[in-house]
Amino acid sequence: ANAALDAPLWEYTHGGGTFQGSSITGGFIYRGNALPTLTGKYIFADYVSGNIWSLERTNPSPTVTRIDGEAAIVGMLTDPASGDILLLDRGNTGTTQGIGGIKRLTVGTNDAGYPQSLSRTNFFSDLTNLAPNPGAVGYAPNLRFWSDHAEKSRWFLIRNAADTVGYSRDNAWSLPEGMIWVKHFDYPTQWESFSRTIDGVSVTDRRPTAGSPRRRLETRFLVRTATGSYGLSYRWNNLNTGDQTDAALASKNGESFDIPISLNGSPSTVPWQIQSRNSCINCHTPEAGHALSFNTRQLNAPGAIAGASGNFLSLLSNTGYLTGLAESPASLPRHLRPDETSYSLEARVRSYLAVNCAYCHQAGGTGGGNWDGRAQLTLAQTGLVNGVPLDAALHSGDLLVRPGDVDKSILYNRAAGANGYSRMPPLGTNEIDLEGTQLLADWIAGEVQPQATFEEWRISHFGNPTSAQGAPSSDPDGDGGDNRFEWLTNTDPGNPSSVWQPSIHRNGNNI
Numbered sequence: 004a005n006a007a008l009d010a011p012l013w014e015y016t017h018g019g020g021t022f023q024g025s026s027i028t029g030g031f032i033y034r035g036n037a038l039p040t041l042t043g044k045y046i047f048a049d050y051v052s053g054n055i056w057s058l059e060r061t062n063p064s065p066t067v068t069r070i071d072g073e074a075a076i077v078g079m080l081t082d083p084a085s086g087d088i089l090l091l092d093r094g095n096t097g098t099t100q101g102i103g104g105i106k107r108l109t110v111g112t113n114d115a116g117y118p119q120s121l122s123r124t125n126f127f128s129d130l131t132n133l134a135p136n137p138g139a140v141g142y143a144p145n146l147r148f149w150s151d152h153a154e155k156s157r158w159f160l161i162r163n164a165a166d167t168v169g170y171s172r173d174n175a176w177s178l179p180e181g182m183i184w185v186k187h188f189d190y191p192t193q194w195e196s197f198s199r200t201i202d203g204v205s206v207t208d209r210r211p212t213a214g215s216p217r218r219r220l221e222t223r224f225l226v227r228t229a230t231g232s233y234g235l236s237y238r239w240n241n242l243n244t245g246d247q248t249d250a251a252l253a254s255k256n257g258e259s260f261d262i263p264i265s266l267n268g269s270p271s272t273v274p275w276q277i278q279s280r281n282s283c284i285n286c287h288t289p290e291a292g293h294a295l296s297f298n299t300r301q302l303n304a305p306g307a308i309a310g311a312s313g314n315f316l317s318l319l320s321n322t323g324y325l326t327g328l329a330e331s332p333a334s335l336p337r338h339l340r341p342d343e344t345s346y347s348l349e350a351r352v353r354s355y356l357a358v359n360c361a362y363c364h365q366a367g368g369t370g371g372g373n374w375d376g377r378a379q380l381t382l383a384q385t386g387l388v389n390g391v392p393l394d395a396a397l398h399s400g401d402l403l404v405r406p407g408d409v410d411k412s413i414l415y416n417r418a419a420g421a422n423g424y425s426r427m428p429p430l431g432t433n434e435i436d437l438e439g440t441q442l443l444a445d446w447i448a449g450e451v452q453p454q455a456t457f458e459e460w461r462i463s464h465f466g467n468p469t470s471a472q473g474a475p476s477s478d479p480d481g482d483g484g485d486n487r488f489e490w491l492t493n494t495d496p497g498n499p500s501s502v503w504q505p506s507i508h509r510n511g512n513n514i
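For the record, in the sequence shown the residue sitting at position 264 is 267 according to our numbering, with numbers rising by one throughout.
If you are wondering where the hints come from, they were derived from the structure by calculation, not from laboratory data. Note that this is a predicted model, so its numbers are computed, not measured. Treat the hints with care, as some may be off.
[Said to hold, decoys possible] Below 30 Å or equal to it, Euclidean Cα-Cα: the simulated DSSO-like pairs (lysine-lysine) are:
1. K255 with K155
2. K186 with K155
3. K186 with K255
4. K411 with K186
Take the sequences, apply the hints, and build the full model.
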């Protein structure tokens, strides 16, 4: 309690930028000769962002240089035989493609082998309207991953006509080597404020004004390889003037810049971060399926291929891109948007968590903790409700999801960056997704409790776990639904008018 603490030599903020991270991995001062430019410098890393830095004590402040990137580094040491720097890589457990190990820091190659501009990739036939060359297919997922209000367009390309994608209902699809996905980011420049209520508090959000001009930010490529995947980003020119003709290959270390916007008629700016190439692979893992939105629940949606419109899964199958689809898409699940209010809060929350969290938070994934956000699991299987966090909670009584108590639910606090918790996800965003946090808060406050165990529900309604009135087969209000049915349907066992009943109606030719 009386320890004297020295101030840190260098501090960095949360995020995925060149000098950002979320979990420091301490290193050592390198005394070897194998990498002479690093001799005498402190070598350290960040587990989450994957940045590996050197630090040299200089005045008036230390000089910090990013030297490479590799996610999930948990330790580093000197090779006693060669003097090289060795990195202990945790990797992604549960897969031969993402296995960790001891890796060696070496002098790498430059970017000479990559196209230096977007035009030289030859993916697009016309950069003015982003029309792709023949072979590329555009698609749109059911639910967007939050990217700080940016608007996205997507395409895929299978380079070998004989290659196909292998279908799976719930798990990641199998993807052929050489397959390419392209994601383009636009940003509106004119915005207006509006209010939304989160956990009973009015907060200010923003939305683009009708007809707002857009600016092009970056165009990302993800390429499937024999052993994994890699990503490249191209940064668009002339952001300020709008005369955007091409995009240049972004630095492997990532790039940061401000986007000029108008908010309620006044000039302003918002930050944008092009992720480092290593940060891309920290999320686009084998467990997550590499291409995060290329799966059944995301693509069970309307689409078009070669002028034909319909369900995109059926189109992929009918045109030979997808093999193994034997079920009707009408019987398959899909992800839901937060504004699809005809569906339950839980159904929309589960989609939100699957898209925005489960690429890391799943069995064998890179995310810490002890919960699993995949949509095919039951709520009980996720480990969220009344779940105890892997790391100690910041406040007594905090649980992963505490039914009815938003402020004591770590899941909400992480998404909102509230109550002292650092914001999640740690990479790829600078702003809080207020629509998503409102959805989580509404669910925790109003709909989670019915999904607790029957025993908890019985005590909450009848005051004890033993009375005959509270037995699963009892029907104390005489409405025809026993207690177990009332628990499952979230109705009041003491009110005969509160009973769940299905109904059938006709809307045109639809039932």
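Cross-check of the supplied hints:
no.: 1; hint: K255 with K155; in the structure: holds (22 Å)
no.: 2; hint: K186 with K155; in the structure: holds (7 Å)
no.: 3; hint: K186 with K255; in the structure: holds (17 Å)
no.: 4; hint: K411 with K186; in the structure: violated (37 Å)
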